[in-house]
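Asks: Below, each chain spelled out in residue letters.
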Amino acid sequence: MGHIKLTNVTKSFGAVDVLHDINLEIKDGEFVVFVGPSGCGKSTLLRMIAGLEKPTGGELAIDGKVVNDVPAADRGLAMVFQSYALYPHMSVRQNLAFGLENTRMPKAEIAERIGEAARMLEIEAYLERRPGQLSGGQRQRVAIGRAIVRRPVAFLLDEPLSNLDAELRGSTRAELAALHARLSATMIYVTHDQVEAMTLADRIVVLRAGRIEQIGTPLELYNRPANRFVAGFIGSPHMNFLEGTLEAAGAGTAVATLKGGHQLQVPIADGTAAAEGPITLGVRPHHITLDAGENSIPAKIRLVEALGSETVLHADVAGQKILIVAPGQHNLAQGDDVRLSLSAAPIHLFNDRGIRLERAV
Amino acid sequence: MSRVAEFIFRRRGRSGWHWTDVFTWVWLIGGLFIMFGPAVWLVGSSFKSPAALAEFPPTIMPYVTQKATVEGYDKPLDLYEVTMPDGSKTVLAEVRRIGIVSQMVSPDKPTEIVKVKIAERTPVRTMSFATSNYSEPFTHFDFVRYLWNSVFVTVTATLITLIVNSMAAFALSKYEFRGRTFAMLLILATLMVPLSVIMVPLYSIVSALGLFNNLWGVILPTVATPTGVFILRQYMLTIPDELIDAARMDKASEWQIYWRIILPLTAPALAVLAIFSVVWRWNDFLWPLIVLSRKELYTLQVGLSIYSGELNVQWHFILAMTVVTMIPVVLVFIFLQRFITTGIAGTGLK
Amino acid sequence: MKADVPKGTGSSLGEAAMAPVRLAMAAIDAPLRWVQRRLGIGGMATFFLLPNMLIFGVFVLLPFFINFAYSMTGGTALFLPDRSFVGGEQYARLFDCANYTDPNSCAEDTFWTAVGNTAWFVLLQVSLMILFSLITALILNRELMARSFWRAVFFFPVLLSPVVVGLIWKWILQRQGLLNFGLYGLGFDPYTWLNDRNWSFAATVGVSIWAHMGFYTLILLAGLQAIPKDLYEAAEMDGTRPARAFWRITLPLLMPNLLVVIVLVLIRAVQIFDEVYVLTGGGPGTSTLYITQYIYETGFATQLRNPGLAAAASILMGAVLVVLTLVQLGLGRKGEKKGARK
Chain D
3 MGHIKLTNVT KSFGAVDVLH DINLEIKDGE FVVFVGPSGC GKSTLLRMIA GLEKPTGGEL
63 AIDGKVVNDV PAADRGLAMV FQSYALYPHM SVRQNLAFGL ENTRMPKAEI AERIGEAARM
123 LEIEAYLERR PGQLSGGQRQ RVAIGRAIVR RPVAFLLDEP LSNLDAELRG STRAELAALH
183 ARLSATMIYV THDQVEAMTL ADRIVVLRAG RIEQIGTPLE LYNRPANRFV AGFIGSPHMN
243 FLEGTLEAAG AGTAVATLKG GHQLQVPIAD GTAAAEGPIT LGVRPHHITL DAGENSIPAK
303 IRLVEALGSE TVLHADVAGQ KILIVAPGQH NLAQGDDVRL SLSAAPIHLF NDRGIRLERA
363 V
Chain L
145 MSRVAEFIFR RRGRSGWHWT DVFTWVWLIG GLFIMFGPAV WLVGSSFKSP AALAEFPPTI
205 MPYVTQKATV EGYDKPLDLY EVTMPDGSKT VLAEVRRIGI VSQMVSPDKP TEIVKVKIAE
265 RTPVRTMSFA TSNYSEPFTH FDFVRYLWNS VFVTVTATLI TLIVNSMAAF ALSKYEFRGR
325 TFAMLLILAT LMVPLSVIMV PLYSIVSALG LFNNLWGVIL PTVATPTGVF ILRQYMLTIP
385 DELIDAARMD KASEWQIYWR IILPLTAPAL AVLAIFSVVW RWNDFLWPLI VLSRKELYTL
445 QVGLSIYSGE LNVQWHFILA MTVVTMIPVV LVFIFLQRFI TTGIAGTGLK
Chain V
81 MKADVPKGTG SSLGEAAMAP VRLAMAAIDA PLRWVQRRLG IGGMATFFLL PNMLIFGVFV
141 LLPFFINFAY SMTGGTALFL PDRSFVGGEQ YARLFDCANY TDPNSCAEDT FWTAVGNTAW
201 FVLLQVSLMI LFSLITALIL NRELMARSFW RAVFFFPVLL SPVVVGLIWK WILQRQGLLN
261 FGLYGLGFDP YTWLNDRNWS FAATVGVSIW AHMGFYTLIL LAGLQAIPKD LYEAAEMDGT
321 RPARAFWRIT LPLLMPNLLV VIVLVLIRAV QIFDEVYVLT GGGPGTSTLY ITQYIYETGF
381 ATQLRNPGLA AAASILMGAV LVVLTLVQLG LGRKGEKKGA RK
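Protein chains in written order, with the numbering used here: chain D, 3 to 363; chain L, 145 to 494; chain V, 81 to 422.
Hints may contain errors.
From chain L, some residues computed to sit far from chain D (all C-beta separations above 12 angstroms) [stated by the list, open to error]:
hint	residue
1	GLU280
2	PRO338
3	PHE356
With a Cα cut of at most 27 angstroms, we get these calculated DSSO-like pairs of lysine-lysine [claimed, not checked]:
hint	chain 1	residue 1	chain 2	residue 2
4	D	LYS109	D	LYS67
5	L	LYS219	D	LYS56
6	L	LYS259	L	LYS233
7	L	LYS395	D	LYS7
8	L	LYS219	L	LYS259
9	D	LYS323	D	LYS261
10	D	LYS29	L	LYS395
11	D	LYS109	L	LYS259
12	L	LYS395	D	LYS67
Honestly, the hints are just simulated from the structure, not real lab data.
Just so you know, these numbers come straight off a predicted model, no measurement behind them.
Idealized CB from N, CA, C, for every residue including glycine.
Throw the hints in and build the complete structure from the sequences for me.
Replies: Right, here's the structure in full:
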């Protein structure tokens, strides 16, 4: 139940190709998040799985059965929409019952399922209200409830939290995680928010411009991003990218020369020494320390954002912008000269095509 | 808003009346009389007896001359108040009138004829509403038939209009298909083909379909109104597509989506169209006039126009029936005026 | 307009009345699901469009095209196959004139009389209609007590049927009517207005304005209310006089609405029939015979009916209307663009 497999799936709207050659396997019970910037095709991919869009090419299978030509209603999936798409003229109860009535389910069973879902989601108190009389958070629960009562083989969630305020979003996220644990059903979740992706997903699928950039667990993506795009997309604040050149310097190490002449020793995997030449160094803001020690890099502060528990520094390294998140509070001001150390930082190297060079860690 | 007006015609220094204030109120009060006056006059006249209608100058309220039955005379005689030569006043009944002299009798002394100059008598009149103007056409004429025909045409045409146009609007607003733009343009283009342009060939088509002298021949050509499709489509475009996706995920068929999701959500626009359609169909004249030639099929409008065009117009009935014809529209006006005015202001369509 | 949620769940009575409808709809659903499986979701669009298109096709498009064929046939036969082809003869007959300004010099003199009458009618009715409805809209746009009441006053006749309108005024204008009563009070003798060529023409103009003015007032009022009031405040700050503000702010900003209204009035005025037919019947003589009545009588009513000629005349009128409608659509689009820029 709930095993979804996409093989060489493509989708075009007229002459515009929105999805290229998607290969993806989602295991039963897995929580998979599609993440990417807007327009990357993640929603189209979800709607294609739902059956609301037809793939242009390739094969889509649910539980081993090809469903390319099966209409949405017969795929056994349920979807939670971004706008919730609750029927405004029906009460909450009617909203939950609508899909079940369409399958000619006996009334008693419908009532039982609604009762169960309502208890689970704590929406019993307003079953007789119309969606217009509910708050955003309550509507969201009803939308999820409408999916739950269907007992689908998989849940499809299209940016379900994007219409909630920040605080509610946090708590609902946790509830969703709990719900997944409890139902242990397959869930496919679309978001543009990498924090949601990191916190909820078993596996994340990063999409860009209709292609899958990387599939992996949250930490895999964080620690070993496949390319510069994934590296920049996952993690907050974004990874710093510094331009430089790479020269091999014996087995397993190389010397990276940053613009401005500063040199860094970086370990590289064997066989990648050939990647000499222009290179991009990636380093996460949290991994840079303020340290005047050996081999430190001079930088000039452009902006200081004191958040209390940590300080976000915008600095300038030989004309390249760099962001540092330093724990604690620092008495720094715009224009101050500081020295940065990358010695404790995992450094990612990306070649001129943006592909990450595997590093021997 | 109000400031706009205030600025266009503001009162100088806010003291005293500017000429524009005077003009405004003259226009409004004048408008009140000109707009409502004729209808009020019609209603008032409709309660007058034929005799009162023929009078000039007319009276505002319906009066009838009192009559009395006098011994020795078969018919009831008109009563007049007469100023006697001695200056006293008395009530006499008129037997006959010769020139300027009227021969009168006192009801108490039927045998004694008194001659009175007509200038010295005034009719004794009481206010009386001639409700027979209303009741008689209902009992003696085909009026009930006309009323029924009008109601049938209006209700049926409106129902079909709502269903057929909402289905088309649904297709044109919520589906992508080839030829959608063409269909839309085609429908809009028919706005340019009013009845008066196609009535000759339309008549031959309606006849060919066997719908001449048939109420369906009145109904069918009117129901696919482009205005209706247009109003409903504009409204349906504001219904989120996700709702339809959600319904499809909920295993609803396309028909169910139309019937259980789209139609209830389009209710306000359907109501506006329904009101318009009722008024249009109730008021239709030229087409029913062409299609219906048998008396028992006339709608109210046709019946009224035919009767009022007769050589010997029975105004007392015509006026009363005109009032009856007005009633549904006046009801719509009283209860739904706000609905209509916002509908017109919003779409610019009539 | 936007999709509001209908309020309330409806009375139980309404629910009960809906029950059979609901049952019927559910009964239709099963066969339609089968259709949907056969046609696919896209095919259902055709299904939904079909009834409308069918009725359109039969009762609007078909007659529209047949009309051209009709106008090239002669005789009194009703159905096209029975009619004899005469080519452009009907048009030639319509245009057979020695002097176009004098209807009497034309073969089809009533046609040209009707055209001339209609032209005068349109000229007079449209300009007065615009003037009156603009004045009324400006007045209703002022700060008024009970504005919606006053708006309703002017709107009231719009809903009345043309037949009722015609009868009301026929009754008022007749010899014993209200108008003569009023004039009698002022010392005038009663007059049968509708037996006078000029007065009955004036009556058709006046009555049609009376009946439809409220509708255009409403559109113009909506346009006036859409003008942002801060413009007037700004003008006031600049010391602009009210008259100047009217000419430089109100009128230019109202122009899109005004143009649409002008064309709408024009289109309707050209087709005037119903209320005039009841009020004057085209008379006295042919003094209020307008083009639609000419087509109607030529096509249906007279002893010497000639549907081909009527069709030809209706095509000529249709051509005028198409031009006017295209002008309106063009103006509407221009107005939309203007609105979008705001």
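Asks: Confirm or reject each hint.
Replies: These are the hints, each one checked on the structure:
For GLU280 (chain L), the non-interface assignment is confirmed: its Cβ lies about 49 angstroms from the closest Cβ of chain D, beyond the 12 angstroms cut-off. Distance to chain D confirms PRO338 (chain L) as a non-interface residue, since its nearest Cβ pair spans about 37 angstroms, more than 12 angstroms. Remark: the non-interface label on PHE356 (chain L) is consistent with the geometry, its nearest Cβ contact in chain D lying 43 angstroms away (cut-off 12 angstroms). Between the alpha carbons of LYS109 (chain D) and LYS67 (chain D) the distance comes to roughly 31 angstroms, so the proposed pair goes past 27 angstroms and is violated.
Between the alpha carbons of LYS219 (chain L) and LYS56 (chain D) the distance comes to roughly 91 angstroms, so the proposed pair goes past 27 angstroms and is violated. Taking the CA atoms of LYS259 (chain L) and LYS233 (chain L), the gap is near 14 angstroms; set against the 27 angstroms cutoff, the hint holds. Taking the CA atoms of LYS395 (chain L) and LYS7 (chain D), the gap is near 22 angstroms; set against the 27 angstroms cutoff, the hint holds. Proposed proximity of LYS219 (chain L) and LYS259 (chain L) is supported: the alpha carbons are some 20 angstroms apart, at most 27 angstroms.
A C-alpha spacing of about 12 angstroms is found between LYS323 (chain D) and LYS261 (chain D), which places the hinted pair at or below 27 angstroms, so the restraint holds. Our distance criterion of 27 angstroms between C-alpha atoms is met by LYS29 (chain D) and LYS395 (chain L), whose separation comes to about 25 angstroms. At most 27 angstroms may separate the alpha-carbon atoms for a hinted pair to count; LYS109 (chain D) and LYS259 (chain L) exceed this at roughly 93 angstroms. Our distance criterion of 27 angstroms between C-alpha atoms is met by LYS395 (chain L) and LYS67 (chain D), whose separation comes to about 19 angstroms.
Against the hints set out earlier in the document, violations occur for numbers 4, 5 and 11.
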